[in-house]
Amino acid sequence: MSYQLNFSGLLPYLPQFAAGIWATIELTLISTFLGLLLGTIGAAGRNSRYRVARTLWGCYVEIIRNTPFIVQLFFIFFGLPALGLKLSAWQAGMIAMVVNLGAYSTEIIRAGIDATPKGQWEAGKTLGLSRRQIFIRIVLPPAFQRVYPALVSQCIIVMLGSAVVSQISLEELTFAANFAQSRTFLSFESYLLTAVLYLVLALLMRQSFAFAAKRLFKNPSL
Amino acid sequence: MSLVSIDQIHKYYGENHVLKGVDLKVAPGEVVSIIGRSGSGKSTLLRCINGLEAYQQGAIVVDSQAVEDDEYKLRLLSRSVGMVFQNFNLFPHMTAGENVMLAPKLVLGQDSKTSRAHAQELLEKVGLGDKFDAYPNNLSGGQQQRVAIARSLAMSPKVLLCDEITSALDPELVGEVLKVLEQLKAEGMTLILVTHEMNFARDVGDTVVFMHQGKVWETGPSDEVFASPQTSELQSFISAVL
Ligand SMILES: Nc1ncnc2c1ncn2[C@@H]1O[C@H](COP(=O)(O)OP(=O)(O)O)[C@@H](O)[C@H]1O
Ligand SMILES: [Mg+2]
Chain A
1 MSYQLNFSGL LPYLPQFAAG IWATIELTLI STFLGLLLGT IGAAGRNSRY RVARTLWGCY
61 VEIIRNTPFI VQLFFIFFGL PALGLKLSAW QAGMIAMVVN LGAYSTEIIR AGIDATPKGQ
121 WEAGKTLGLS RRQIFIRIVL PPAFQRVYPA LVSQCIIVML GSAVVSQISL EELTFAANFA
181 QSRTFLSFES YLLTAVLYLV LALLMRQSFA FAAKRLFKNP SL
Chain B
1001 MSLVSIDQIH KYYGENHVLK GVDLKVAPGE VVSIIGRSGS GKSTLLRCIN GLEAYQQGAI
1061 VVDSQAVEDD EYKLRLLSRS VGMVFQNFNL FPHMTAGENV MLAPKLVLGQ DSKTSRAHAQ
1121 ELLEKVGLGD KFDAYPNNLS GGQQQRVAIA RSLAMSPKVL LCDEITSALD PELVGEVLKV
1181 LEQLKAEGMT LILVTHEMNF ARDVGDTVVF MHQGKVWETG PSDEVFASPQ TSELQSFISA
1241 VL
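Which chain is which? The protein sequence lines are A and B, in order.
The opening residue of the first sequence carries number 1 in the numbering used here; numbering runs sequentially from there.
The opening residue of the second sequence carries number 1001 in the numbering used here; numbering runs sequentially from there.
Since the hints were derived computationally from the structure, they do not count as laboratory data.
Be a bit skeptical, because a hint or two may be false.
In silico DSSO-like links for lysine-lysine, alpha-carbon gap of 27 Å or less [unchecked claim]:
no.	chain 1	residue 1	chain 2	residue 2
1	B	Lys1185	B	Lys1158
2	B	Lys1105	A	Lys214
3	B	Lys1215	B	Lys1113
4	B	Lys1215	B	Lys1020
5	B	Lys1125	B	Lys1073
6	B	Lys1158	B	Lys1113
7	B	Lys1113	A	Lys118
8	B	Lys1179	B	Lys1158
9	B	Lys1158	B	Lys1073
10	B	Lys1105	A	Lys118
11	B	Lys1113	A	Lys218
12	B	Lys1025	B	Lys1158
13	B	Lys1020	A	Lys218
14	B	Lys1158	B	Lys1125
15	A	Lys214	B	Lys1025
16	B	Lys1073	B	Lys1025
17	A	Lys118	A	Lys218
18	B	Lys1125	B	Lys1215
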């Protein structure tokens, strides 16, 4: 074992890495926001008084949770054009990530909602609030707070999973690593650097979520 | 003219016949105590009055509104009927003040300034003027229950339903909640209480309703009912709890 590390060989590819990081961050920010939104709507749908809505959302969740992410991605990017729906790599990657996070966060948020004591609904009802008002104002905020750690982990999983979208030539961080590696054959350095960068992104994400929690949850101990 | 009029209510949970033809009339300003053994249908009766439970036969009219299984009508009804629960059911992510302000803002469309002032006033009334910004989990049980009462009062109900609202409290905290009820009675509020506080029922309540096996077994003015219970069931109940 006498391998000479040669990080300087990657220097010419720093612009690619920088662009890749930025693309990964952008993908993550947008898919986190839209995915959690979809998950919230999904949790409401799973909790709907209409059976059709509950069943449809249930199917969506089960399909996504029981198929590989890369197959979902390929289906959207390579499969949908057969139906006349042609998407750019960026659009396809984004949709795959949102749809994926949407399904997982639906189940997470639903678990938080299910843990709501029945008395909360009843108190809202006796005060004259509509079902929708009770859901949004009374049930959802504590439910969200209860499952927040699980949601944070899921968002980080989706960020890390975004590496897969390099497979459809979306030029994010892993794409940059593959690119540098194929030109320099510095495999060890390329992927070590990339791993460290993902680690930093993940830690930053955790920090940001912890910071957001302070603003979001005024009563830290429900 | 009764404020609450219950006429031959029947309620089933599946096969279980829980209310078997209950009649009850409550006049404005009257304080009615419902007593009876566990499982006799007291909570169910109370929950039928504000539509939390649907009933299968009979009729309930509150403040000239028929209590029917219709979401819109029940929402209108809930403005006339307040309810306080055994385990408070405060909203844990909101301060005491926010708990009180929520419904007036969302349901009555009050602006923040009005509802805030009103909430402050109500919290002062229940002796918690300095707890506006406290979260429920930082309040004692007695304080939480008083916030819950203030929250109900914020909708200016015509009648307040209380289901064993002191049962979850440590004994030394019961008094402060009962005091609020006494004060409400003095102001003319109509109260229907399911309670185990027999002294309170006798001394403060106007009317006692003894429920047994899903029926109003015996009813009458509090002092009379406690002084000379007519049925053997009520006699044995009273001697067991007093
Ligand atoms: N949600 C429910 N589902 C099924 N049965 C119920 C429900 N609530 C109450 N019951 C039954 O109805 C009867 C009366 O209960 P309840 O009104 O709670 O009595 P009380 O308040 O006098 O103790 C009991 O036999 C109880 O088991
Ligand atoms: Mg009960």
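Structure-based check of all given hints:
1. B/Lys1185 <-> B/Lys1158: At roughly 12 Å apart (the allowed maximum being 27 Å), B/Lys1158 and B/Lys1185 satisfy the hint.
2. B/Lys1105 <-> A/Lys214: holds (26 Å)
3. B/Lys1215 <-> B/Lys1113: Between B/Lys1215 and B/Lys1113 the Cα gap is close to 47 Å, so the pair fails against 27 Å, i.e. violated.
4. B/Lys1215 <-> B/Lys1020: Holds, at roughly 6 Å.
5. B/Lys1125 <-> B/Lys1073: The hint is violated at about 30 Å.
6. B/Lys1158 <-> B/Lys1113: holds (24 Å)
7. B/Lys1113 <-> A/Lys118: violated (31 Å)
8. B/Lys1179 <-> B/Lys1158: holds (19 Å)
9. B/Lys1158 <-> B/Lys1073: holds (16 Å)
10. B/Lys1105 <-> A/Lys118: Since the Cα atoms of B/Lys1105 and A/Lys118 sit roughly 23 Å apart, the hinted pair holds (cutoff 27 Å).
11. B/Lys1113 <-> A/Lys218: holds (21 Å)
12. B/Lys1025 <-> B/Lys1158: Since the Cα atoms of B/Lys1025 and B/Lys1158 sit roughly 14 Å apart, the hinted pair holds (cutoff 27 Å).
13. B/Lys1020 <-> A/Lys218: Violated, at about 47 Å.
14. B/Lys1158 <-> B/Lys1125: Roughly 18 Å between the alpha carbons, so the hint for B/Lys1158 and B/Lys1125 holds.
15. A/Lys214 <-> B/Lys1025: Roughly 51 Å between the alpha carbons, so the hint for A/Lys214 and B/Lys1025 is violated.
16. B/Lys1073 <-> B/Lys1025: Measuring from Cα to Cα gives roughly 21 Å; hence the hint holds.
17. A/Lys118 <-> A/Lys218: holds (23 Å)
18. B/Lys1125 <-> B/Lys1215: It is violated: about 36 Å lies between the C-alpha atoms, which goes past 27 Å.
The structure is inconsistent with the numbered hints 3, 5, 7, 13, 15, 18, although it conforms to all the rest.
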